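Assemble the whole structure, with the sequences as input and the hints as a guide.
First to last, the protein sequences are chains A, B, C and D. Each residue of the first sequence is one higher than the last, beginning at 1 in the UniProt record's numbering. Each residue of the second sequence is one higher than the last, beginning at 1 in the UniProt record's numbering. Each residue of the third sequence is one higher than the last, beginning at 1 in the UniProt record's numbering. Each residue of the fourth sequence is one higher than the last, beginning at 1 in the UniProt record's numbering.
Keep in mind the hints are simulated off the structure, nothing from the lab. Being a predicted model, the structure only gives us computed values, none of them experimental. Honestly, I wouldn't trust all of these hints.
Same chains, same label: a pair holds when it works inside one copy or across any pair of copies.
Unchecked claim - Computed cross-link-like contacts, DSSO-like style, restricted to lysine-lysine with a CA-CA straight-line distance of at most 30 Å:
hint, residue 1, residue 2
1, K215, K435
2, K381, K37
3, K156, K458
4, K369, K107
5, K37, K422
6, K458, K359
7, K337, K359
8, K337, K37
9, K37, K382
10, K458, K337
11, K473, K107
12, K422, K458
13, K215, K458
14, K435, K473
15, K359, K42
4 protein chains.
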Amino acid sequence: MDYKVADLTLADYGRMEIELAEHEMPGLMAMRERYGKEQPLKGARIAGSLHMTIQTAVLIETLVALGADVRWATCNIFSTQDHAAAAVVVGQGTQDAPAGTPVFAWKGETLAEYWDEAEKVFAFTDAEGNPAGPNVLLDDGGDITLLLHKGVEFEKAGVVPPQDSTDNEEFKEVLRVLARSVENDPQRWTTIAAGIKGVSEETTTGVLRLYERFKEGSLLFPAINVNDSVTKSKFDNKYGCRHSLVDGINRATDVMIGGKVAVVCGYGDVGKGSAESLRGQGARVIVTEIDPICALQAAMDGYEVRRLESVIDTADIFVTTTGNFDIIRSEHFEQMKHQAIVGNIGHFDNEIDMAGLAKIPGVVKQEIKPQVHQWVFPDGKKIIVLSEGRLLNLGNATGHPSFVMSNSFTNQVLAQIDLFTKADQYELGVHVLPKHLDEEVARLHLDALGVELTELTKEQAAYLGVDVAGPYKSDHYRY
Amino acid sequence: MDYKVADLTLADYGRMEIELAEHEMPGLMAMRERYGKEQPLKGARIAGSLHMTIQTAVLIETLVALGADVRWATCNIFSTQDHAAAAVVVGQGTQDAPAGTPVFAWKGETLAEYWDEAEKVFAFTDAEGNPAGPNVLLDDGGDITLLLHKGVEFEKAGVVPPQDSTDNEEFKEVLRVLARSVENDPQRWTTIAAGIKGVSEETTTGVLRLYERFKEGSLLFPAINVNDSVTKSKFDNKYGCRHSLVDGINRATDVMIGGKVAVVCGYGDVGKGSAESLRGQGARVIVTEIDPICALQAAMDGYEVRRLESVIDTADIFVTTTGNFDIIRSEHFEQMKHQAIVGNIGHFDNEIDMAGLAKIPGVVKQEIKPQVHQWVFPDGKKIIVLSEGRLLNLGNATGHPSFVMSNSFTNQVLAQIDLFTKADQYELGVHVLPKHLDEEVARLHLDALGVELTELTKEQAAYLGVDVAGPYKSDHYRY
Amino acid sequence: MDYKVADLTLADYGRMEIELAEHEMPGLMAMRERYGKEQPLKGARIAGSLHMTIQTAVLIETLVALGADVRWATCNIFSTQDHAAAAVVVGQGTQDAPAGTPVFAWKGETLAEYWDEAEKVFAFTDAEGNPAGPNVLLDDGGDITLLLHKGVEFEKAGVVPPQDSTDNEEFKEVLRVLARSVENDPQRWTTIAAGIKGVSEETTTGVLRLYERFKEGSLLFPAINVNDSVTKSKFDNKYGCRHSLVDGINRATDVMIGGKVAVVCGYGDVGKGSAESLRGQGARVIVTEIDPICALQAAMDGYEVRRLESVIDTADIFVTTTGNFDIIRSEHFEQMKHQAIVGNIGHFDNEIDMAGLAKIPGVVKQEIKPQVHQWVFPDGKKIIVLSEGRLLNLGNATGHPSFVMSNSFTNQVLAQIDLFTKADQYELGVHVLPKHLDEEVARLHLDALGVELTELTKEQAAYLGVDVAGPYKSDHYRY
Amino acid sequence: MDYKVADLTLADYGRMEIELAEHEMPGLMAMRERYGKEQPLKGARIAGSLHMTIQTAVLIETLVALGADVRWATCNIFSTQDHAAAAVVVGQGTQDAPAGTPVFAWKGETLAEYWDEAEKVFAFTDAEGNPAGPNVLLDDGGDITLLLHKGVEFEKAGVVPPQDSTDNEEFKEVLRVLARSVENDPQRWTTIAAGIKGVSEETTTGVLRLYERFKEGSLLFPAINVNDSVTKSKFDNKYGCRHSLVDGINRATDVMIGGKVAVVCGYGDVGKGSAESLRGQGARVIVTEIDPICALQAAMDGYEVRRLESVIDTADIFVTTTGNFDIIRSEHFEQMKHQAIVGNIGHFDNEIDMAGLAKIPGVVKQEIKPQVHQWVFPDGKKIIVLSEGRLLNLGNATGHPSFVMSNSFTNQVLAQIDLFTKADQYELGVHVLPKHLDEEVARLHLDALGVELTELTKEQAAYLGVDVAGPYKSDHYRY
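In structure tokens:
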């Protein structure tokens with residue numbers, strides 16, 4: 001008996017994908033099993049802003065399964081998977097997939113729509129049916145944290161600056177939304193902020209903003225930096241890129257990687273995962289580095305370490321992983337071989353100087369297929385650029401697999417529980433998740449991999465000076 | 001300046017893809033460079049039957065560049081890439097992409113159309129403008145070889161059997177085409193066969209048919225078995241599958257392979273490439289084998305070697321690579337874990353007993369997306385099956401990359417040259433390509449990989465008892 | 001022309017080995033080149049206590065080449081290489097190998113001799129020929145630091161406790177030496193301590209003692225913890241053990257590692273290097289872990305992770321790397337297979353419970369060769385134990401290769417320079433070497449490996465918020 | 001209770017080592033278990049000539065355990081392990097280690113002694129106590145085969161040439177022995193030869209001699225070429241060298257291989273194993289090749305492939321594996337870096353031109369330790385040469401581990417059984433061991449590695465066209 005995808009509603013299709021993802025997100029499923037009865041988030045009103053994908057759907061439904069009331073927006077106008085959003089909104093009316101979680105996101109929002117929707121995650125109703133603000137935030141990049149802090153700032157100032165006070169198109173929308181809000185209720189954001197126990201933040205960028213806010217004295221409540229957990233950073237960077245680099249190159253080009261010479265710019269965690277990814281396919285990998293320690297690690301791992309200039313005219317594949325800018329520049333493009341492949345898996349699209357490439361006299365850009373272009377030089381040489389220099393694992397592959405996100409999101413759930421239930425233990429400031437919770441996230445992913453963990457005896461724990469249940473390492477341990 | 005794919009004609013799009021592929025097919029391009037002036041195939045009329053893809057387009061245009069007159073059909077009703085066919089037909093009127101090579105193939109032919117088109121590759125016109133048959137065949141699976149042999153057989157018998165003499169739907173079409181032909185010209189195939197210098201055959205199946213025909217005394221001309229060249233078999237099997245196995249799994253499931261337990265059934269060349277592919281992504285690979293030598297090799301390579309039954313309920317991914325049938329059966333499916341992934345990269349779709357799976361009481365098949373299905377068991381357990389048990393590197397990825405096909409097709413070109421120019425040196429029979437040509441194929445792919453080859457001194461060659469130019473190894477050398 | 005080892009004096013033989021080692025210790029040689037003229041250690045009187053090996057000889061001669069006056073004892077009664085000591089004492093009268101550095105060490109000292117010699121490193125003569133104390137200490141394990149601190153403590157108390165106040169045989173000797181000293185000069189140690197700018201300590205154990213002393217308020221001068229530099233810990237642990245684990249097993253047993261099942265207990269840096277070492281030889285490696293993060297890392301690296309009990313009766317090789325005790329116990333030995341091989345590369349000999357093994361009724365220990373024993377069980381089963389449970393890379397191989405020690409010792413030299421020239425910048429306490437010096441150590445080893453380091457542009461450095469010359473990473477970066 | 005090596009007799013020490021080796025030679029032990037009762041070699045009188053080592057002792061005692069009467073000499077004047085010989089001679093009077101097998105070998109024989117002892121392996125006594133010749137030979141290099149063939153030749157000619165008819169010192173001894181023998185009994189060798197069912201030969205060299213003898217028509221009985229079994233050649237070459245290359249380099253130099261650049265000359269089986277060995281330690285491996293197929297394999301395996309000249313002045317380690325001569329020559333030595341390490345694991349000592357090195361003007365050779373020399377150039381540059389250019393795995397390590405020899409020797413035992421029991425099935429000629437026996441050797445080594453072998457169903461075997469019990473592959477299958 002066949003059952004066609006075409007026959008499914010959007011929500012049903014989303015539900016099918018969510019069920020597939022749940023199996024690959026054992027950390028979140030373990031949270032449901034462990035805390036489903038205890039309901040530690042009973043009473044929590046969580047305002048969330050994070051890419052509305054299938055994986056996020058599993059996160060949302062986990063928060064709900066732990067007792068939380070949740071409202072959700074996306075943190076990016078393009079990244080919403082509409083079937084994921086639909087499934088979360090519909091729910092199944094069961095504990096694992098409860099009905100009716102409000103989601104304010106769709107693929108291809110305008111900036112105006114984006115900020116209108118962001119505002120909606122603050123509009124809870126409390127148990128008695130009265131309007132209420134959230135008491136915890138879960139943020140990715142810091143947009144709803146910004147909205148709230150700016151709201152408080154302008155309410156205090158008594159005035160919201162006019163939209164034409166800024167050139168930033170996006171901030172114009174923030175001002176518009178806040179002006180409208182303050183007109184309705186001049187204390188709304190101040191009231192909401194007073195009820196917030198804290199925020200957990202997903203990304204480097206968001207964390208950076210929080211540290212700056214704390215330094216300048218404007219941070220309104222404690223924040224947990226989920227980004228620097230070992231189980232977040234190693235998975236997002238090393239293991240995630242080992243998975244998605246060859247995946248992205250394969251889908252984009254169908255070129256055989258084996259036997260080719262691939263240059264990986266940078267040997268941090270992303271570079272380490274990328275180099276392993278390419279070597280696993282039989283490529284000969286050359287690394288470039290600016291940090292002598294990382295360079296020495298690359299050499300000890302058996303990689304050739306060169307300057308980009310030394311290999312620019314002989315390598316077949318170039319991948320930037322540095323977190324820096326202007327790594328591959330127009331002078332490099334000019335020296336590359338015909339049909340060299342160039343991509344970025346680092347952070348922003350400025351690792352590769354796309355603007356510089358476009359300015360080379362006579363160069364013409366041709367689309368081979370979406371996210372894959374060949375740049376034709378006057379002499380006929382062609383260079384293949386992936387995802388226009390943006391992250392190739394997002395543009396040419398499908399981003400992080402669910403198992404990676406499970407690690408990251410289990411950190412989020414633990415942070416939410418800690419913020420909600422132990423708010424008094426968190427001073428104002430930006431906190432890394434305690435190591436025992438980082439270890440807990442790892443622990444929750446072991447069964448799915450068939451790992452048996454050994455348990456310390458009391459005597460052994462005493463010998464090491466640790467608790468039998470951990471944490472086992474000092475904070476500066478490097479793993 | 002942008003240049004959109006959408007603005008291209010089918011032929012132009014094909015031409016763009018052909019140019020990309022040419023770079024990855026250095027063996028063929030080297031043949032053009034080396035023999036372009038010499039025109040060793042001048043006078044050759046090559047009838048070809050092989051999947052009409054972009055890579056085949058590069059092959060066809062190489063044969064033409066060497067002087068041949070070529071007519072082409074596909075060997076599979078589904079595999080034609082229409083833009084490749086269009087580009088070859090249009091050509092560019094240059095030496096590298098000459099205008100007007102007739103191609104008789106499109107995606108989605110009926111069986112009747114398939115055999116009608118196959119017949120057309122025999123209808124050459126000679127230099128004087130008179131009708132003529134081919135003088136060399138290039139076959140994949142043996143269909144045009146069959147047509148010709150059956151034609152001769154029926155002409156000799158003076159009668160073509162009626163269509164209802166067979167239950168085989170495909171052979172009915174063969175009989176129809178031959179009946180029509182014999183009616184027109186009762187000596188057509190006999191005449192053509194007399195002019196054929198030989199056939200080069202691409203596949204195991206086709207080679208097997210040739211050996212059988214030779215054994216039973218019905219083979220009409222010499223045949224070259226391209227399939228067993230080292231540069232064909234290692235690339236098609238070991239390196240090709242290293243490339244495409246993880247590619248197929250990634251595109252199909254987006255599941256993280258790292259940390260998972262993957263079972264590779266069989267440790268021949270396909271299994272060796274598959275195991276390396278999965279290990280390169282951080283999976284823990286377990287091998288099953290029936291041949292003690294291959295099993296010992298797997299163990300010495302650091303893999304766990306178990307019986308399928310021993311690991312059926314703990315592994316996450318199962319891949320068949322055996323060349324045998326009934327490897328994964330219904331009793332295995334019943335014991336697998338929820339969301340186990342099952343695929344075949346071996347040969348036929350009978351490595352996995354799909355029929356047995358479908359017969360398990362209460363099991364329901366749901367499409368997740370094309371070529372990816374979950375089979376839901378009555379207890380809710382789901383098993384994910386790729387490409388319905390057919391070759392996952394074709395169904396879920398894009399088959400062999402161009403570099404692999406370059407090795408295979410350069411063997412074909414060398415075989416065609418040898419058959420056409422040295423026909424007298426080939427006795428009736430099935431011949432492996434001489435080792436020096438196998439070495440030549442390898443040699444033509446070295447520059448593209450930046451390989452520097454060392455040359456023997458005369459003294460060293462004498463010491464080894466070989467020629468400076470090779471061949472370097474005995475025929476039974478195992479590589 | 002042959003030149004026999006047998007014809008060499010001990011010092012000449014040491015000199016030959018020193019020259020071989022110098023090539024493998026590029027960090028130290030670079031220090032000589034860079035600072036040889038500048039003489040930053042001019043005026044430094046360095047009292048050193050560290051294994052008197054060939055590598056240490058290169059360290060000593062580097063300190064001297066930088067201007068220091070050096071006196072040296074060993075930190076272990078067994079580890080002295082007499083030819084190394086001889087060569088250092090003799091010197092060559094050149095800058096690189098100056099004549100006359102006093103070394104107080106020989107292989108096989110008694111405890112009494114050991115402490116008598118340790119005292120001698122404090123007996124400098126200043127530029128004017130007057131008796132003087134050292135002004136910097138370089139310690140491994142903290143013995144000369146202990147001698148000095150105890151001396152000061154007892155001088156303050158006005159009395160040295162009698163030898164029979166302790167059961168510790170070694171501390172009896174300390175008391176004997178100090179009693180003699182105080183009798184001669186009741187302010188000797190107090191005077192010396194006042195002139196000390198600081199100590200650099202090599203080991204975990206020594207560092208631990210320093211932290212305890214600082215916590216209890218008895219630390220007399222600043223200390224630099226060399227042990228936790230990345231270039232020290234990764235080399236000593238991960239890369240060093242990758243080298244020496246298979247080396248030790250090979251020399252001890254000549255058993256083929258390929259195809260065997262090897263259990264690595266612990267997946268910290270030592271475990272990571274050990275697992276890689278065994279996998280590189282074709283073994284199938286199984287890891288045991290107590291820390292869920294490290295266990296997850298092992299799984300993501302493709303290793304099976306089990307409890308020791310689960311694999312005790314099937315594995316061929318067992319290696320402890322934990323830093324903990326009682327990892328392999330008598331109940332484990334009893335379940336192992338015949339001719340299982342057991343060794344420790346962790347820290348102390350208590351990782352394997354040798355005492356428990358010896359107490360198993362009826363077990364008999366037989367020497368196969370030095371440092372390799374088989375323990376014969378009453379049923380005839382034999383277990384092979386390496387180095388009697390002590391560090392197998394020391395007992396069965398030759399310890400860390402020179403390149404590893406070059407990293408460690410370059411940290412020492414930089415620490416000595418910093419302590420001597422910037423003493424005022426070091427508050428009382430235990431300091432990790434600043435990251436820019438850690439990076440410097442790495443930098444000095446790159447040329448020897450043919451590594452080309454990329455340099456940041458000013459703009460890139462600004463973008464990252466770092467200096468062009470580094471340091472490049474935050475202190476908690478995990479590498 | 002301790003038990004000292006020093007207290008053991010030579011034979012007892014040999015016995016201890018034999019028992020350790022037996023565990024690592026599961027193929028031979030399985031032969032004893034399977035055939036111990038059946039006694040297939042009952043009545044066989046085996047004359048053996050093969051290095052008299054511990055592993056050979058296990059072979060000899062296996063032949064005896066299967067019923068054979070055995071007499072043994074060595075095939076090399078230096079390679080005898082006297083404790084192995086002593087143990088075999090003494091035996092234990094049990095089935096597994098029977099008393100009284102005559103061994104005619106000791107370490108350091110003269111050439112005269114060597115050939116006197118070789119003759120003694122022919123002097124059996126039959127069941128009735130009468131003098132008898134052997135009925136099967138087991139040879140390594142062909143010396144006893146030579147003695148017998150020359151004896152027959154000279155007996156036929158009626159005269160043994162005088163010793164001064166040859167310049168070859170070794171052949172003089174052959175002539176001496178045969179002259180003495182013919183004087184005693186002019187038909188001795190002719191009689192013996194008539195009773196010989198065949199010879200099994202271990203090495204390439206011996207096999208080559210046999211083929212030549214067969215071609216020229218002088219071969220007297222069938223021969224089995226054990227050398228080309230998969231289980232012999234892959235183990236001796238690929239896996240054996242993976243084991244022993246790094247072992248040899250480590251023992252010789254204690255230099256850290258990780259991070260170094262190592263050049264492997266040749267990528268046949270020895271080269272493949274060597275490259276893997278070095279890569280497993282973290283070296284960056286560069287391959288040189290003359291065969292384009294092997295070169296392409298190296299590239300596809302991720303190695304850089306260069307000409308020796310291109311990397312001669314940058315690499316740290318050079319290893320020859322070619323089977324050819326004059327690979328590393330004086331002009332190469334002159335360009336190498338200071339303290340480059342050079343060794344040969346190929347076949348003969350002429351892969352490295354040691355004579356050319358010694359002739360470089362001004363170069364001086366110094367022994368660092370036995371089998372490790374530094375060659376000092378006039379400018380002070382030193383090159384380290386291992387084992388004087390001879391096989392470094394023999395000179396610097398301990399040769400093949402027992403597990404490798406178990407594969408090789410199990411082939412020998414099976415060959416002996418086949419020759420003795422199925423002599424009529426072997427025509428005169430040189431035969432490779434049938435594939436089913438090669439598979440059998442592999443099968444007998446699987447249990448020791450914990451391998452579970454899958455069994456074909458009858459239907460699957462029929463589908464493949466093979467027997468359920470094998471053989472599974474065609475003769476030209478490449479593995």
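Consistency of the hints with the structure:
Taking the shortest alpha-carbon separations for K215 and K435, both the intra-copy value of 24 Å and the inter-copy value of 24 Å come in at or below 30 Å. In this assembly of identical chains, the alpha carbons of K381 and K37 lie at most 30 Å apart only when taken from different copies (25 Å versus 64 Å within one copy). Within a single copy, K156 and K458 get their C-alpha atoms no closer than 55 Å, and across copies no closer than 40 Å, so neither meets the 30 Å cut-off. Taking the closest pair of Cα atoms, K369 and K107 come within 30 Å of each other both inside a single copy (21 Å) and across two copies (20 Å).
For the identical chains of this complex, K37 and K422 are intra-copy neighbours only, at 19 Å inside a copy versus 60 Å across copies, given an alpha-carbon limit of 30 Å. For the identical chains of this complex, K458 and K359 are inter-copy neighbours only, at 23 Å across copies versus 67 Å inside a copy, given an alpha-carbon limit of 30 Å. In the homo-oligomer, the alpha carbons of K337 and K359 lie at most 30 Å apart inside one protomer (19 Å), although the nearest pairing across protomers, at 45 Å, exceeds that limit. In the homo-oligomer, the alpha carbons of K337 and K37 lie at most 30 Å apart only across protomers (26 Å), although the nearest pairing inside one protomer, at 61 Å, exceeds that limit.
Within a single copy, K37 and K382 get their C-alpha atoms only as close as 60 Å, which misses the 30 Å cut-off; across copies the closest is 27 Å, which meets it. Only between protomers do K458 and K337 lie at most 30 Å apart by alpha-carbon distance; the minimum there is 28 Å, versus 62 Å within a single protomer. Within a single copy, K473 and K107 get their C-alpha atoms no closer than 43 Å, and across copies no closer than 37 Å, so neither meets the 30 Å cut-off. With identical chains, the CA atoms of K422 and K458 are at most 30 Å apart within one copy only, with a shortest distance of 28 Å there and 45 Å across copies.
For the identical chains of this complex, K215 and K458 are inter-copy neighbours only, at 26 Å across copies versus 42 Å inside a copy, given an alpha-carbon limit of 30 Å. For the homomeric pair K435 and K473, the shortest alpha-carbon distances inside one copy (8 Å) and between copies (21 Å) are both at most 30 Å. In this assembly of identical chains, the alpha carbons of K359 and K42 never lie at most 30 Å apart, being 57 Å within a copy and 47 Å across copies at closest.
Violated hints, in rising order: 3, 11, 15; the structure is consistent with all others.
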